[in-house]
Structure formats: C-alpha cells, structure tokens
Amino acid sequence: MNLTLHVWRQAGPSTEGAFATYEARDISGDMSFLEMMDVVNEGLIERGEQPVAFDHDCREGICGSCGMMINGVAHGPMKATATCQLFMRHFHDGDAIHVEPWRARAFPVIKDLVVDRSALDRVIAAGGFITAPTGGARDANNILIAKTNADDAMDAAACIGCGACVAACPNGSASLFTGAKITHLGQLPQGQSERDRRVLQMVAQMDEEGFGGCTWHGECQEACPKNISLDVIARMNHDFLVASWTGAGDKRD
Amino acid sequence: MFWRSTIGKKMVMSVTGLIMVGFVLVHMLGNLQIFEGAARINAYSHFLHFTINELLWLLRIILLVSVILHIVAAIQLTRIDRAARPVGYERKEPQAATIASRSMRWGGLALALFIVFHLLHLTTGTIHPVPFVPGDVYANMVGGFQMWWVTLIYVLAMIALGLHIFHGAWSSIRTLGVNRPKARPTRRPIAAAVAVAVWAGFTLVPVAIFFGWVR
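Top line first, the protein sequences correspond to chains A and B. So for the first sequence, this note's numbering puts the first residue at 1; every next one is plus one. So for the second sequence, this note's numbering puts the first residue at 1001; every next one is plus one.
No wet-lab data here; the hints were simulated from the structure. Don't take each hint at face value.
What the hints assert, rightly or not - Label pairs and their in silico Cβ distance ranges:
#, chain 1, residue 1, chain 2, residue 2, range
1, A, ILE124, B, VAL1087, 21 to 29 Å
2, A, HIS90, B, ILE1115, 42 to 50 Å
3, B, PHE1023, A, ALA150, 38 to 46 Å
4, B, ALA1193, A, THR131, 45 to 53 Å
5, A, ASP121, B, LEU1056, 52 to 60 Å
6, A, PHE19, B, ALA1200, 43 to 51 Å
Stated by the list, open to error - Going by beta-carbon spacing under 8 Å, a handful of chain B positions derived as facing chain A:
#, residue
7, SER1005
8, VAL1087
9, SER1101
10, THR1175
11, LEU1176
12, THR1186
For glycine and all other residues, C-beta sits at the position ideal for the given N, C-alpha and C.
With the sequences and hints as input, model every part of the structure.
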C-alpha cells in the first residue's frame, strides 16, 4: 500500500519545527508502524536527507521507548497497543497519516518525534527507597500477599512509562502514570512503612515537573498500551488524602 | 502542602461540588411544591425564612464559601492544566472524553453567570417583569417565567447544570478515592440519575409556568 505521511520535523530542542510530507511506498500490511518509518527513513537517507528521529528500543511492546501521536491518537488506532506493535494492516491504501510527538511542557522535544521523558523517571525517584531486610534471601511465600492485592499490583506494574497517558490527556496530566506506580508499590506488604511519604513525594514531584491535573476525561486509560485502569488514580488520591490527613508529610527524610 | 498540590485542589473542588449538588437537590425538591399550590410553596418559603432563619443563614454561608473555593480552585487548576501543554496538537481525536467532561470549564463559567442572574431574578427581584413581592414565592415564580427569553435562559442553564453534575458528581467521588475499583471505571449510573433528576426537576417548573400549566 502507499501512504502519505505528515510528520513533525524539528532539528533540535530550541529550533522551530514544522510538518513535512513524505510518501511511504510499497508498504506491507505485515510491517509495524516503526518498520514503515524505517522504510521512509531509508528513502530519506538515499536522497541525502536527515531521517526522521523517533525513539524505539525493544520493538516488542514492553520497553516504553516508542510512542507518537498517530492521527491524533496516542500510539495510533489500536487499543492497548504500543506504536511498535501497531501493524500497517490497520491502515488503508492511500491513507494520509499525521505523526506528531508527545506534547507536554514536561516532555520537551529533543528532535523530530523524540521527547525527553526524564520527568517520569524523576517522579519514580521521588518515591525513594523502602526498608527491606538484608542478608540471606527469604523463603518464597514467606510474606503472604492476598491474591487480589497481587493482581492489582501486577496490573499497575505493567506500566512501561511510555508517556501516552500524558500525551493523550487534554490537561497533560501524569496522573495515570503516577497512580500506577503508587498502586503497584502500595498494594504490596514490602515498603508499607514508606507508603504515606511515598505518595506525598511522588505527587509533589509530579506537580513540580509541570504536569497538569486530572479531570477524569478518561483519555489516558484509552491511550495506555498496557490497559491500566483509571482506578489507579482513585487509589493514588485515596493514599494522598490519608497521608495528608495523618501528617505523614512532615516526616521527610 | 495539601492545597498546593493539584490533587488537593481537586479534592477541595470535589467536596465543595458535592455540597452544591446536595443544595441543588433540596432546592429542586422545594421548587416542585409549586405544583401543590400557592399556599404550600409560600408556607415552605415562610418556614425557610422565619422558622429556621439562623439555619438558613448558616447554610447560605457554607454554600457561599463552597462556591468561592470551587471557583478559585477551578481557575488555578485550569491555569496549571493549560500551562502543561504549551504546544498543542495539529490533530487530536478524543477517545473517551464526553461532552460533559469537555464542557466543565465553559459550562461552569456559564453556571456562575446564571447564578448571578438567578439571584437578581428571583431572590432580590432586581430583574423581574412583574412586581416582585417578597414572600409571595408563587406569584413571583409565575410572574417570573412569562417572558420567553427568561424561560429560555433557565432551560439552557439547566442543561449546563445537568451536564456539569453528570461529570462532576461522578468524578468528585473518584477524586476523593472512596470508590471501589471497577471493571468499567467510566460507568456512572448514580451520577447519571442525579443529573437527570436535577435537570428534569428544575426544567419542569419554568416550562410548566411558561406554557400556562401553572398559573
């Protein structure tokens, strides 16, 4: 199939960007979106032009590196799918496709479709360490965890930090991301003593990075390649409320 | 710490919003007494203004503080949210946002203006087509909805209120983190029922008066 791409090109963080139009010819339906971009880039390199820069690593939907707005939808039209796992068979011959980088104040564009998502790393780092016994490894199942808690923690831990929730949110909010981390860590018995401090510090960092607030549009849940539920935001808020009331925020280390 | 964070501000909006939903429900039920005749609704007005006068003022103060906090938090959060995306998308296709969720800000502004209009219209009687008689609620309401444009403003404002509650009542509960995790977290039957009840209950009165069913 042949496609027309409207791709955001921006040489560097401080330069002006603009959309450029490229033809993608002889694209197979079995190619992933990134492989289609590779084909376009090979053509650009042959013509002596700069290839379109985009982030990618594992290309199997688990690393969270790739991500772009495809026709106004984060990670493109397929639900629960990262851009690398989006196949060209979901497009039609002759389609025009808009490709834009994630847009958020906290995600400055580095080049073309590559944005700096370090803000998410800093939110995680703000959570700090947990107290854990050192020494010999304990027996498996020594610490009992209810099945539902383990399930909830694992569902939240599926977050790959791709930033699609921020990109899709009309407010540029990182609530789904931060909520997923809070839920993932808060549901497990390890690190319970840090639970209050963790939520306050991660939320403070999230705000400091310049992300917006949650208004429950639900766009993040639709964009998430890992199907993380809006419920994690309610859990984060619950923990935040409890921690704020108990004054745990004063006990900063 | 609490008020500084976006979540803290949102929780203030949630609590104050839920207080207003409670007020609006009582107000709507009070209005419906017009269908039981002048004596009934005027007696209700007398009860509010004389029998429980102190309580009425306490509730008014709580309501006024709620409205102010709700609006201050809304303005601050809107500024933060706008600043979070300085460069917009050329193309953006909403996947889940509803008309209600997307109209919260403009709808909220419209409701704030409507509240001012409504207080000038039926509380102080400043804007009123017929002589305003304090205490004669029945006559004031019947007289107040004879003009087509007044009735239209109320009908439109109640659509805005219904949409605002449909999103706000549901998201308030979620913001406060008191709900249980759900398989379909965007379903909201209770918020929908409250929103429809408030919209229908409030719209019925001006429409009934305008078309002469209550005179």
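- Broken hints, numbered, in rising order? Hint check: nothing fails, all pass.
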